[in-house]
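Heads up: the protein sequence lines correspond to chains A, B and C, in order. Position in the first sequence (first residue = 1) + 1 = this note's numbering. Position in the second sequence (first residue = 1) + 6 = this note's numbering. Position in the third sequence (first residue = 1) + 27 = this note's numbering.
Any given hint could be a false lead.
[Stated by the list, open to error] As a list, the in silico DSS-like pairs of lysine-lysine whose alpha-carbon atoms are at most 30 Å apart:
(1) A:Lys558 - C:Lys113
(2) A:Lys558 - B:Lys46
(3) C:Lys113 - B:Lys72
(4) A:Lys367 - B:Lys76
(5) A:Lys266 - A:Lys252
(6) B:Lys76 - A:Lys413
(7) C:Lys195 - A:Lys526
(8) A:Lys318 - B:Lys106
(9) B:Lys76 - A:Lys266
(10) A:Lys526 - A:Lys429
(11) B:Lys147 - B:Lys46
(12) B:Lys67 - A:Lys611
(13) A:Lys325 - C:Lys195
Derived from the structure by calculation, the hints contain no laboratory data.
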Amino acid sequence: MPRLNSYRELEHLRERLREQRQSITTTMMVCGGTGCRTSNSQAVIDAFRNELSSQGLDDSVRLCVTGCHGFCEQGPVVIIEPGNTFYCHVSPEDAFEIVYQTVVKGELIERLLYEDPVSGERFRTEAEIPFYKAQERRILSQNRMVDPCSIEDYIVAGGYTALPRVLNGVAPEEIINEIKASGLRGRGGGGFPTGRKWDECLGAPGDEKYVICNADEGDPGAYMDRCVLEGNPHLVLEGMMIGARAIGAGKGYVYVRNEYPLAVKHSRIAVEQARELGLLGDNILGSPFSFEVDIARGGGAFVCGESTALMASIEGKVGEPHPKDVHTVVDGLYHQPTTLNNVETWANVPSIILNGSSWFNSKGTKGSKGTKILALTGRIKNTGLVEVAMGTSIREVVFDIGGGAANSNPIKAVQTGGPSGGCLPLDKFDLAVDFDVLAEAGSMVGSGGMVVMDEETCMVDVAKYFLEFLQDESCGKCLPCRVGIDRMLEIITDITEGRGRMEQLDLLEELADTVSQTALCGLGKTAPNPVLSTLRYFRPEYEAHIKEKKCPAGVCKALITYWIDPEKCNGCGVCIRGCAHGAITGEKKQVHVIDDQLCQKCGICRSECKFDAIQVT
Amino acid sequence: MTPQALDQILEGRRSQPNQLIEVLQDIQENFGYIPREAIKSVSQELGVPLIEVYRVASFYKAFRLKPSGKNVLTMCTGTACHVRGSDLLLDYAIDQLGIKPGEVTPDGLFSIEHVNCLGACALGPIVAENGSYHKHMTPSKLRKLIETISHQKTEDAHHAQA
Amino acid sequence: MLQYVNVSIDGAIIHAVKGTSVLDTAVEYGICIPHLCHVPYLSDIGACRLCIVEHVVNGRSEVTTSCTLNVEEGMVILTNTDKIRKLRRNLAELLVAQAPNSRAIQDIALRCGVTEVRYPFRNEDCVLCGRCVRVCTEVWQARAIGFVGRGKDRHVEYPFGIQPDFCKQCGNCVQICPMTIPPCDGPMKPGEEYLCRKCESQLMDETPGSCTWCKLGEGFGCGRYV
Numbered sequence: 002m003p004r005l006n007s008y009r010e011l012e013h014l015r016e017r018l019r020e021q022r023q024s025i026t027t028t029m030m031v032c033g034g035t036g037c038r039t040s041n042s043q044a045v046i047d048a049f050r051n052e053l054s055s056q057g058l059d060d061s062v063r064l065c066v067t068g069c070h071g072f073c074e075q076g077p078v079v080i081i082e083p084g085n086t087f088y089c090h091v092s093p094e095d096a097f098e099i100v101y102q103t104v105v106k107g108e109l110i111e112r113l114l115y116e117d118p119v120s121g122e123r124f125r126t127e128a129e130i131p132f133y134k135a136q137e138r139r140i141l142s143q144n145r146m147v148d149p150c151s152i153e154d155y156i157v158a159g160g161y162t163a164l165p166r167v168l169n170g171v172a173p174e175e176i177i178n179e180i181k182a183s184g185l186r187g188r189g190g191g192g193f194p195t196g197r198k199w200d201e202c203l204g205a206p207g208d209e210k211y212v213i214c215n216a217d218e219g220d221p222g223a224y225m226d227r228c229v230l231e232g233n234p235h236l237v238l239e240g241m242m243i244g245a246r247a248i249g250a251g252k253g254y255v256y257v258r259n260e261y262p263l264a265v266k267h268s269r270i271a272v273e274q275a276r277e278l279g280l281l282g283d284n285i286l287g288s289p290f291s292f293e294v295d296i297a298r299g300g301g302a303f304v305c306g307e308s309t310a311l312m313a314s315i316e317g318k319v320g321e322p323h324p325k326d327v328h329t330v331v332d333g334l335y336h337q338p339t340t341l342n343n344v345e346t347w348a349n350v351p352s353i354i355l356n357g358s359s360w361f362n363s364k365g366t367k368g369s370k371g372t373k374i375l376a377l378t379g380r381i382k383n384t385g386l387v388e389v390a391m392g393t394s395i396r397e398v399v400f401d402i403g404g405g406a407a408n409s410n411p412i413k414a415v416q417t418g419g420p421s422g423g424c425l426p427l428d429k430f431d432l433a434v435d436f437d438v439l440a441e442a443g444s445m446v447g448s449g450g451m452v453v454m455d456e457e458t459c460m461v462d463v464a465k466y467f468l469e470f471l472q473d474e475s476c477g478k479c480l481p482c483r484v485g486i487d488r489m490l491e492i493i494t495d496i497t498e499g500r501g502r503m504e505q506l507d508l509l510e511e512l513a514d515t516v517s518q519t520a521l522c523g524l525g526k527t528a529p530n531p532v533l534s535t536l537r538y539f540r541p542e543y544e545a546h547i548k549e550k551k552c553p554a555g556v557c558k559a560l561i562t563y564w565i566d567p568e569k570c571n572g573c574g575v576c577i578r579g580c581a582h583g584a585i586t587g588e589k590k591q592v593h594v595i596d597d598q599l600c601q602k603c604g605i606c607r608s609e610c611k612f613d614a615i616q617v618t
Numbered sequence: 007m008t009p010q011a012l013d014q015i016l017e018g019r020r021s022q023p024n025q026l027i028e029v030l031q032d033i034q035e036n037f038g039y040i041p042r043e044a045i046k047s048v049s050q051e052l053g054v055p056l057i058e059v060y061r062v063a064s065f066y067k068a069f070r071l072k073p074s075g076k077n078v079l080t081m082c083t084g085t086a087c088h089v090r091g092s093d094l095l096l097d098y099a100i101d102q103l104g105i106k107p108g109e110v111t112p113d114g115l116f117s118i119e120h121v122n123c124l125g126a127c128a129l130g131p132i133v134a135e136n137g138s139y140h141k142h143m144t145p146s147k148l149r150k151l152i153e154t155i156s157h158q159k160t161e162d163a164h165h166a167q168a
Numbered sequence: 028m029l030q031y032v033n034v035s036i037d038g039a040i041i042h043a044v045k046g047t048s049v050l051d052t053a054v055e056y057g058i059c060i061p062h063l064c065h066v067p068y069l070s071d072i073g074a075c076r077l078c079i080v081e082h083v084v085n086g087r088s089e090v091t092t093s094c095t096l097n098v099e100e101g102m103v104i105l106t107n108t109d110k111i112r113k114l115r116r117n118l119a120e121l122l123v124a125q126a127p128n129s130r131a132i133q134d135i136a137l138r139c140g141v142t143e144v145r146y147p148f149r150n151e152d153c154v155l156c157g158r159c160v161r162v163c164t165e166v167w168q169a170r171a172i173g174f175v176g177r178g179k180d181r182h183v184e185y186p187f188g189i190q191p192d193f194c195k196q197c198g199n200c201v202q203i204c205p206m207t208i209p210p211c212d213g214p215m216k217p218g219e220e221y222l223c224r225k226c227e228s229q230l231m232d233e234t235p236g237s238c239t240w241c242k243l244g245e246g247f248g249c250g251r252y253v
């Protein structure tokens, strides 16, 4: 496609593309995101292509391979417009039926419709499904309409309409004021007011400023950035272009973590396509604004989500954070003023410019405006990516959208904000998803990860899990993080293995306080949060481990026993065959017995027993 | 690893120290690990001190300094997978294959890695086998997966002999 | 042309050289701030965290390392508040629990007020202060050693673990290391680690001799060789 040299040419292109698609009567959206791909959606896509071809529908039906819709458990997901028909768990064999029945004849296939796990009711359309109905999908809904590898899709859907508005005759301060007025705060975890950040960067001296998109998304359990970048890279790019125009940057980087190969691929394609059309490069759309973007890959280091470590990584160095007495907006990448924002933050920018700051802050609370994408996972019925207005209560998210407990185990807690966040108990579920509210309660919104835990989750084990994670990811430069986390882990391991003493809890708190105040970077400073929040709200569990040497949730291996319930065991022998340690004995059709001395608590017998006869206490 | 292959990777990046991580990424992708000779060449060609290249190669998890097994089983140990029992999976793999993460089985077939979140959280626990993801894994499913791969290897060996 | 700024350290107004760190300024004016990884002629990395001070800004105080904080006009610094003393003591306790077998570390711990160590002792032979790496890189520019690995696995090593031919054999890495000074009473046996309370540091960073007596503010009050 030829290079666009003006806004008018872009609009002409948009018109032409829309005209070309007028013969399309039906659009089939099949999810090609990482989650659905794991459920074999590629085969579904191929099957549809074949079917459409063989039924001669190539000209009237558009097959759009989209990014993630957020309901990964139901994948592969297919949406058909018009009609907003939502099919889930689609397999390649269903292709013919779907094309013939639904696309051609307009009839629904009952068995492929979404079935509510509680009521058993089947829903015809995507809009009716409770999971989606309760959300406010300002950003995620934009994933539906575009194939991430097609800039034409983005343009037809109305993309690159915000950028031209800021190119000519608009002062940088005007753009920044609009972002400030919107109340947008960083979506990556810091929650820093975005407008203020851009303002500081604009005012900082330097002739080679940078904008960076932080797509490192290291928080385990968080995958919203993957979804947005994989599914709609042009949305992020457009946000970066607007930001670069505002602060006066000529170069940008998208730093994508190594573990997201599809996001890397789609970002690269998007940049190529934008370049080809002249939306990146010199004199964009005939304006004096020139801007280039490169994709940089992470090397597998959570610490590179920290801004100074990320910039060091782009410079080809180890990702070791530096002291930030001078902010990176003044002294950042290659010592130049740099604006670093998260994927989701950038994704919000185009719609703020298009619809205005009042539209943006019409949702949200006093301190936290707009919507937030949460990665809702763990022990609930509906897991997936969820976008809600700030101010929505945790209860609404977990029960109304998440559908409540996955099985008979009651929900006990929710972990928010990843390894820098904390755990909140059930009686705190009326708290709102809000930066300041959650921070005050000892947790944080963070990047939006929300892991739901039930009675079978041991909170001491959760604290141990996060400490192990942080120890693995710590760069090791400073004493409090490297040694402090190690010593906290030593104490918690003592507790989970039955050697805990009550005075260790006081030492744990004092050490946690020291680490949080003296560590060099955010990783170390927030490392004690999981420990402190579980001590605050779940102290009885710690005490049970110490005083009674018991793990109430049945998780800590040194404190539990696997045994076979004689009432339920029918002597089928499946567990004996599965046990790798020869710990189970028993004759055929006789009740089997586990030898506690040999049992390694690996869990394989429990996962293979079909009669629920293997118990843990 | 041939000098030509390394040459291609270094093309357009010579004397640019900030390309170090990209270069190492490409070497890792193409050869499965970063050989000592590659580290020396990269140091010379990019103009980065040898100790720095070695440091970067040892800092990032993406780079392996030793070859891995033919089938790399990567267990996701992210939070969502953890609360669904990924711990048990990792323990099981270590037990069954007799090696620790980062090591290779004597027959060169398997190595185990663990990664702190692959981003497919709704489908956890996830085990990735040479880049393809398996969802909702349990110890018994993992046992079957390992058996299938070992069996396939034996079959291939038999076919090669015959 | 040297420029000056006025900073307040522990209540005393000091005429400091612009571009120098708070630590350098304080030590120059006789206010002892304990430090381990700082060496006057090497770059500052802020790794040991012992030189922390309270930087009062807009009514709030931030705990930050004085070696990486440069003086600015009107800056207010507190080096010896109860909060700082407690944090410093805890850090020194962590440090000595890692490597009790070093006079310098024992000395620092004592001076930071450590009286009991509540963690099991480990007998590490390196505290990762980075002095050796920096002297090799910055002074001798040999780059024969460096930090390798990450987190718990971080350690100092030659490339590939083999002494390279470009090592200049200058011995500075050994001289500057706080661990290579003769340990007290010989190597400790496991279970017999203790704070002997008599070790003097003998870390000859500046000129050997008496310490800079703390004339301004309460300071550290050590009165020994620094």
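query: So which of the earlier hints does this model not fit?
result: 1, 2, 3, 4, 6, 7, 11, 12 and 13
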